[in-house]
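From first to last, the protein sequence lines are chains A and B. Per my numbering, residue 23 is the first one in the first sequence, and the count goes up by one each step. Per my numbering, residue 23 is the first one in the second sequence, and the count goes up by one each step.
Hints in this document: simulated from the structure, not taken from any laboratory. There's no promise every hint is true.
Treat identical chains as interchangeable: a pair holds within one or across any two.
[Said to hold, decoys possible] In silico DSS-like links for lysine-lysine, alpha-carbon gap of 30 Å or less: (1) K85 - K36; (2) K91 - K132; (3) K91 - K65; (4) K139 - K36; (5) K132 - K65; (6) K36 - K65; (7) K36 - K91.
Residues per chain are reported as follows:
2 protein chains.
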Amino acid sequence: MSNPSSQNEAPLDKRRLRMWIRMLRTTRFVEARLREFLRDRYKSTLPRFDVMAALFRAEDGLKMSALSKQLLVSNGNVTGIVDRLVEDRLVVRVIVENDRRAMLVRLSPKGRELFSKMAAEHEAIISDLFSEMDNNDLDLLVDVFSRLKEIEEPSS
Amino acid sequence: MSNPSSQNEAPLDKRRLRMWIRMLRTTRFVEARLREFLRDRYKSTLPRFDVMAALFRAEDGLKMSALSKQLLVSNGNVTGIVDRLVEDRLVVRVIVENDRRAMLVRLSPKGRELFSKMAAEHEAIISDLFSEMDNNDLDLLVDVFSRLKEIEEPSS
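Looking at chain A on its own, in the form it has when it is part of the complex (with noise of 0.2 Å):
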């Protein structure tokens, strides 16, 4: 029943179950330090960051559909979450050309312009957190997630 080869004795089960609630604790006490982190800095939100950084991504803007999708925190309530950045002028609506009928959405000057200072703030806390991870570290995990592509890329 044993495996000699480690240093647990517990079933691959039991062990990979407690790795995804290690994981999931991280990653919630990772998000609640980001939250608070955009509510005191920018009275700003998760999903609002992640909208902008998906902007931020896609220079020449992204329809409606296209930004949902590419979501990372929670779809959310996407339009308006839009609506209040356009509102701050951080977003703009721009009409496509040969074809009016689409929309995009694209960051405007001023929204590039502040979501690069908290990018870099929040890459900044992000290392921080995960400082005791080097480079080493990084090649094993880089390694074994590559491995899970079926999570990340689900063939349905």
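Since chain A is already given, all that's left is putting chain B on it; use the hints.
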């Protein structure tokens, strides 16, 4: 600037950020699967499962305050969730001897039986999603996560 021992030349900050995003995506994906499973098989939810899991571990029951602290997924509306579980006869409220003001909540025998079933299926789903992780990977992950102590047990 570059670290010859690493296969990846990106700065450590950026690599940690990428790893975090990957971990967050994986967590979201697994949660979505679990949410589907709980809804389709048990007309249940993640916060409800989480409450039942905490009560399953505490056989003698928990005060509401202790229950809230243990929750993994989200505090949500713990009172509301417990009220529903009581209505469904899965949870009972009991008065503590010697301290009549203290009230505990505890799974009923029916609740324990149901949760055992749910937990076994939940474990099988997790093990399947993480089937690429063998004992070796798990040893590595446990080692990495255990060095993130300050994340799981904040010093403040």
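Hints versus structure:
1. K85 - K36: Between copies only: 28 Å across chains, 43 Å inside a chain, cut-off 30 Å.
2. K91 - K132: within (24 Å within a copy, 41 Å between copies)
3. K91 - K65: Classified as both; 25 Å inside a copy, 26 Å across copies.
4. K139 - K36: Close across copies (15 Å), not inside one copy (42 Å); limit 30 Å.
5. K132 - K65: within (16 Å within a copy, 45 Å between copies)
6. K36 - K65: between (41 Å within a copy, 25 Å between copies)
7. K36 - K91: This pair counts as between: shortest inter-copy Cα distance 24 Å, intra-copy 33 Å.
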